[in-house]
Amino acid sequence: MTVKKDTKIDRVLDIKGEICPYTFVKSKLALEEMEDGEVLKVIVDYPPATENVPRSLEKEGNEIIAVEKTGEKEWEVIVRKRSEG
Amino acid sequence: MENLKENLKTIKEYLKLNSEVVGVRLLKDDIAEGHPTEGQFYCWFVRESAVSGKGFNLNEKDFTCPNPELCLGLREPKYVEVELRVKEKFRTVQVGDAENADVLLFIVNPRQLMELSILLGGITASFRGETAVCGEATARCYIEKKPSLTLLCHGARDFSGYKDDEMVLAVPVPMVPDMVKRINELKALGH
Chain A
206 MTVKKDTKID RVLDIKGEIC PYTFVKSKLA LEEMEDGEVL KVIVDYPPAT
256 ENVPRSLEKE GNEIIAVEKT GEKEWEVIVR KRSEG
Chain B
108 MENLKENLKT IKEYLKLNSE VVGVRLLKDD IAEGHPTEGQ FYCWFVRESA
158 VSGKGFNLNE KDFTCPNPEL CLGLREPKYV EVELRVKEKF RTVQVGDAEN
208 ADVLLFIVNP RQLMELSILL GGITASFRGE TAVCGEATAR CYIEKKPSLT
258 LLCHGARDFS GYKDDEMVLA VPVPMVPDMV KRINELKALG H
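Protein chains in written order, with the numbering used here: chain A, 206 to 290; chain B, 108 to 298.
Be a bit skeptical, because a hint or two may be false.
Said to hold, decoys possible - Far from chain A, some chain B residues (derived; all Cβ distances over 12 Å):
# : residue
1 : Lys-168
2 : Pro-173
3 : Glu-183
4 : Pro-184
5 : Leu-227
6 : Arg-235
As the list claims (entries may be wrong) - Once the Cα atoms are required to be at most 25 Å apart in a straight line, the calculated BS3-like pairs of lysine-lysine come out as:
# : chain 1 : residue 1 : chain 2 : residue 2
7 : B       : Lys-294   : A       : Lys-233
8 : B       : Lys-185   : A       : Lys-221
9 : A       : Lys-213   : A       : Lys-246
Keep in mind that the hints were calculated from the coordinates and are not lab data.
Remember, predicted model here, so these are calculated numbers, not experimental data.
Idealized CB from N, CA, C, for every residue including glycine.
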């Protein structure tokens, strides 16, 4: 899953150093402050976050655009806010 | 298991445990009834069951924390492997009833844990403060068929109501009769 080069990132949330549940709690809080359709990039360095951040955001109806390994211990989760209903 | 209820009553009295011992069973089928009205963390359901005696049938939709889905076999990981997870595929996690359970969860304080370690002939522990009640306790006990201790995670302590002096020990159901036998031996010796 690769991010298209023209994907506009509206906000970056760097939560390196955080472990769960704060990885997905902080990601959800960030998305709550964003508009429908905007794109959030979440940077994590905690491997399980690459599972639990996309999953918890997806369950709330958001669109996971990509999960990419960007360093030895760094991943980016790209998500588009989709308001349910 | 024969006399399980009676055996757990004996253990609870010996430990002076105020909460219920929570049974966890992993099922291959969907169960329509017994689901909560609102999603919660798995560790929340466990504590609620221990405090109130309620039982829950839980699937992916019932968990607001995604970790139990992975640790307890409801979902496969997509991006990275998860260390403590049941690799068999299940559809329902039954929390509450000890009868027919795979794993029993004791919510205990340090003194009660000490007593449990005596009854079990020792506990070897490994924990790291993540995927705690779901992974470190339930999944590891299910996989290894041995007691497994967790000192919990931020999710349990900050979002699921666990007190600072509470921790969770998972015990395989087949170990219960020997625990009761040990209690009776200790009682006979005047302890």
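Comparing the hints with the structure gives:
For B/Lys-168, the shortest C-beta to C-beta distance to chain A comes to about 8 Å, within the 12 Å cut-off, and the non-interface label is violated. Chain A draws B/Pro-173 into its interface by the beta-carbon criterion, the shortest separation being 4 Å against a cut-off of 12 Å. Distance to chain A contradicts B/Glu-183 as a non-interface residue, since its nearest Cβ pair spans about 10 Å, not more than 12 Å. A beta-carbon of chain A comes within 12 Å of the beta-carbon of B/Pro-184; the shortest separation is about 5 Å.
Every CB of chain A is more than 12 Å from the CB of B/Leu-227 (nearest about 29 Å), matching its label as outside the interface. Under the 12 Å C-beta cut-off, the non-interface status given to B/Arg-235 relative to chain A is violated; the minimum distance is some 9 Å. Under the criterion of a C-alpha separation no larger than 25 Å, the hint pairing B/Lys-294 with A/Lys-233 is inconsistent with the structure, at around 53 Å. Distance restraint check for B/Lys-185 and A/Lys-221: the Cα-Cα separation of roughly 20 Å lies within the 25 Å cut-off, and the hinted pair is therefore satisfied.
Between A/Lys-213 and A/Lys-246 the alpha-carbon distance is near 10 Å, which keeps this suggested pair within the 25 Å criterion.
Hint compliance for this structure: hints 1, 2, 3, 4, 6, 7 are not met, and every other hint is.
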